[in-house]
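If you follow the hints, you should be able to join the two separate chains into one complex; please do so.
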Amino acid sequence: MAPAIALLGSFLAVPIGYAVYLSLTNTRLTGIEAKEPKFVGLDNFTKLFGSDDFPKAVWLTLVFVIGSALIGQNLLGLALALLMQKRGRLIRTSVGVTVLAAYVFPEIVPGFMWTSFLNENGVLNVVLRFFHLPEQQVLVNQPMIGVILADIWRATAFSMLVYSAALGDIPEELIDAAEIDGASYTRVLRHVVAPQLRRTAFTNLMLITLPTMSVFTMIFVLTGGGPGNESETLPMLMYHKAFQFGELGYGTAISVVLLGFGGLLSLLYVVALRPGKGE
Amino acid sequence: MHRPSIRLRATASLIAVLGLVACSSDKKSSDTTVAAAATQAAAETTVAAVETAAPVAETQAAAETAAVTEAAAPASNEPQELTISYNKTGDWPEPEATLQAAKTGFEAANPGVKINLQSEVAADDAFRTKTQLRLQSGKDLPDIIPTTAGFVDADVKAGYLLPIDSALDTWAEWKTLYPEAIREGAKAFDGKTYYIPQASNDIGIWYNKDVFAKAGLPEKWEPQSWADLRAAAETIKAKVPGAIPAHLYAGKASGAIDAIGKTFLPLLYGTGDSLFDFKTNKWLPAGKGFVDSMTFMQDFYKDGLTAKKADVLSPNVWSFIGPWMKEAKLGFVPDGNWMSFAWVKGGPNEWTEWGDRLGIATMPTQNPGGKVTIGYKGGGFAVVKGTKSPNLAMEFIKFASNKDISVGFSLRSGQLAVRTDVAADPTYADRPTIKEFSSMLQYAKYIPSTEQSDKNWALLSDIVEKVAFNQLSPQQAADKYNADMPGVVGKEHFAG
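Heads up: the protein sequence lines correspond to chains A and B, in order. The numbers in the first sequence follow this note's numbering, run straight up by one, and end at 284. The numbers in the second sequence follow this note's numbering, run straight up by one, and end at 497.
Careful, some of the hints might be misleading.
Covered stretches of chain B, as calculated for chain A (at least 3 residues, CB under 8 Å) [as the list claims (entries may be wrong)]:
#1 129-136
#2 300-314
#3 367-378
Calculated pairs, SDA-like style, for lysine to any residue (alpha carbon to alpha carbon, straight line, at most 20 Å) [stated by the list, open to error]:
#4 B/LYS309 - A/LEU129
#5 B/LYS188 - B/ASP166
#6 A/LYS52 - B/PRO487
#7 B/LYS330 - A/ASN126
#8 B/LYS310 - A/LYS52
Keep in mind that the hints were calculated from the coordinates and are not lab data. Computed from a predicted structure; not experimentally measured. Glycine residues also receive a C-beta, built at the ideal position from the N, C-alpha and C atoms.
Extracted from the complex, chain B is given alone in its bound form (with noise of 0.2 Å):
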């Protein structure tokens, strides 16, 4: 019989060793230590690309640098460097466009300044726990953090952020420029502001006009009734073969808040049943309105009239939305009215004739007659707690939301201007979408964002997904969440 030889037989043993090392940790990783196991896992959403951005001297930018008048005055007592820590997703511009711009010009504006920015390649609920944990850890802080209305009362309680109100005191733009609701609405429950609102956004239905005309649909559609939406789907079925009738957002892997915030709450807001009470403080139980809801998602995923199993759960699914109207191949979708980042100039899928080939409907309700939309107050930039330079932080929060950088950033993505300035500006005003998407406000029903809606959020698109997945029934569905509710959110949260 051959023999190894023993060469062959050290290296084997060698590697079995070196093995049975890496198996171990490995174990350990996983199994005792959450902490190891986060770092693993935020690293792998991506491969952990932690890249510090090169500044990139766009003409944008340098233009939007020109025109800042108020040269901030730091206190000088404080480190002149600021680190900004974000992610990037796909080909979403923000915020790396909007914090490159304002890097610019916030260090051409103060010499000896040195702004840092950090960003990673991630998912947005992953980068968010990564930064939790780090904010958690309180050590190797970043000076600001982006943030969205959702996630500030929670971090507040967590004691991870500052609030900016001394900053906003002396800032005459913040008294005369930003509507009275906006500020008010971005006040975190002790009464505080921790960010400076960037845009408001909402939902509606994005339809192609090309798609729709084989399928012999209107040029101007306005669904009344959620038959509507249920018998356009069908029609597209049946008469342009080879396209998606419609897109229903119900994987968890592109966000929770994508996940539930898209689709299924413009339909429970559309039967008149609520997800919060605002008068109480308090989450709402499942009933008829959840139930029917969850029912007509399921129909659609059943019968065939949504797009393929694995790009719903893409975490990139939000991305392909832009080609998929780009040639022609989705019917519609409820979706935010920031997917026009998509087709600009410069955006990923630059289409000359979207404004023209996209029709804007708004989400109908149950029954024929109303209209609904859901709000979504927009994020901003936030101060964290520790940071030697909080002064100067927050003149950089102030600066990166002067007016030549927010027009740039509705422009970028088709948010809605907050401030009244860019609301009047005439770039923005005409910039296909506005239009239509700030007169749907009138129908917003607002996202609660209190210290336990990301907790919601996670329960809620599980079972959505779950739902779209005929794991549950609709009514299963209910039973679940109103279950698992008082758990998640804590039972002096929940009305059940």
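Looking at chain A on its own, in the form it has when it is part of the complex (with noise of 0.2 Å):
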């Protein structure tokens, strides 16, 4: 126990209270603060809960793990694994190492990929212009829809590996039998597979949304947090605030509310995945 106390301890909890700490603090970048930072007590939660920009960032914060993780990366990724379920190998390799391939990449080069794919010359309009339609300054315009779809292409592959191999465990006795008293694939998905999926369905959710939640990388790239705040999510607001604005202790205190959403979905999920309830 106690290595593995030490280790949490040093990799986690120290982190966290620094951060908690720095939190505290009117700690800037430059200036006398950086020097001599001063404990403000909670002035910077505050000022955070306080203004504009938070209700924003919290909103789109949301909309991203809601359209990316929730509905995107689950969606597809458990569609992926049931399409590919009855085909054969060489099919299953190519989707597979295709998918993977997106996950695989850091996610800065997904990230500039998206930005030549979206941007004012990229594919998309060459393609749009060649059908004569017009063309999209996706990132622009609807700079939400943007982050969220590249989100997708990149992290899909992990739900679908998730799924792929929960799949794999169900016993084939119960399909067959399904099967042989007549059920149709859409009740046997409906009434064999699904039940057998349900904890990894909520496994999967928790793998996914929290480090959908502090998304950084796509969205800087992407768009910044812009134009203005319109894709400003909090790991952006919180980078924004501390870097661009140099204030380090606001942008802790951000960081730290964002650990704290963190906290509260693992919490509930925690709690759905107790085992014992109809198992």
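Have a look at this one:
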């Protein structure tokens, strides 16, 4: 136990504790507050909860998490897993590798790829122009759609893998029995496969919502949180305040709030996943 | 039913586990430790290309070296090695070109001394953030960093910089060749000097005479008021299809100071209002002039008289001006005197006729009759506190400001000389645009450089971008500015 506690303590508790401490000071990047930061109590938090930026950032974070993780990655991953299930080795491997390739790249690479896909003279507009369709400035006019699409594209592989593994674990006899009884594919899905996937779905949701909530690189590369603050999720707001306004203390306060949201979500899933309920 | 083979499942679970590890470490880095996020962020602006610049022996650099007479005498008990950290953005040649020339010359004049040029590809704001984090950590410090007047006070208060007065006292050129106003202007709040200014700069309107001719506008354009600017843009829009009538800087991605200093501030000062009261040393609240300026900008954007949104928001929008002007795609743009770096020989958009085909007008005031420009106190190099070789670093800074390197600097970028011997140099005086921008200086309103400057710029550039893109009305912008300023610069520094 002791080594585990020591590890957890040094890699988790200490940084979190330090972040909480920083969030209670007026530390800045430069100026006198860089040399002699003062303890300001909960000032940073009252300032944050009172600002116009905060509700908007929370809302955009929510949109991003629901759009990218809950709907996009989760459902697309499940669909891919189901579609690949009964296919031959060649198709499984090629689809799997293609989807995985997007996932193994460092986030910055898909970020740049999507920028060049969506920008003014990008592939999207070249194609649209070819078909004489109106050009789209997605990153300027619908920035949230742009970042959500890009993030789904990047991160779906994880859900696909989780669901593929779970589907493989469903005993074949169950499905065979249902099929012999004359159940259609949709009925097999609903009554045999779906209940078996329930726990997997919760685990998957927990594993994808948390990182999606703190996605930074993708949004930073694609829109930088802009135009204005039209795609400024909480991590972007944190970066913006900490490193553009130089208010490290305030920025850290935002990260502590983000951490709080993450903790709440995890708690929710842990409760939902408690064993012994209908098992 | 087909079961996936054992191997496939093993691979899948291995990848899943790896993914998990990646996810959790990802989360930690952006959730809990600001420093980690910062490193990440700084690296991300551009794919973190840290490179040690290879010594390029340009003929120009060699020529500059040959003319150097003064050999420095660094104290021998210090390490004879300096590391200079600076950034490269787009095609902008500085400070790299100056540093290369200085390195070549300094190493030749001081055998045994080694100068390491540590460059990073990063936008100015991101590089500055990273540098500050680096200085705050106090570890693995560079000896010299580039700085600008607006940053010095804050960095001195944070204890990042070393005063160079002792070196300047023994340097005759400082007293004889730098005018008193320049020397005074370079002082920080504490009366000490931390850098040697390289140049002074101001903002004027660059216009393309070919586009103007097509639109039936005069070859020698002298706008008298905002209405003239508006009228010219409308005429270009109507008569020169395909040309961008005007570019008004408003995107914060290309740098906070660009987003406000090139368009909004010349407008604001043209209304008679100010940003800062130099007598009381306080920032002034937004009033009618602020609202009028924002309205003028927003109307330009609303009525399609500017560049495309995506271009305005690009971090590299400043580097588009070169090709736009060369290809006669842009009518006019209020921009810095340094813009000609793009067209000069060796620049990214070489254009032999640029001096003839481009005109320069002074920014008019809101109502007819006045003229205005924004003056920027030029930047320079500063010595980092904590350097092991302070004397050597100061000698290097002096060397990098010598006449030949300064002339080269001004010729490359069109920035205005601060040394009297450079100003008198015929190659400098005959360079196109020098005369125009020098004569504009009489109307200059200076950007305040206090400890709060960059906080103000961050706020104001944020607001300007939101106004340009219709997320705030001009009145809401003024209200937001007045509401946020006390928190951003501190109540005691705001006269609201």
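Taking the hints in turn, this is what the structure says about them:
1. 129-136: Holds, because 3 residues of the stretch 129-136 of chain B bring their Cβ atoms closer than 8 Å to Cβ atoms of chain A.
2. 300-314: holds (count 5)
3. 367-378: violated (count 0)
4. B/LYS309 - A/LEU129: It holds: about 17 Å lies between the C-alpha atoms, which stays within 20 Å.
5. B/LYS188 - B/ASP166: Holds. B/LYS188 to B/ASP166 sits at ~10 Å (cutoff 20 Å).
6. A/LYS52 - B/PRO487: Judged against 20 Å, a Cα distance of about 12 Å means the pair holds.
7. B/LYS330 - A/ASN126: holds, 17 Å
8. B/LYS310 - A/LYS52: violated, 32 Å
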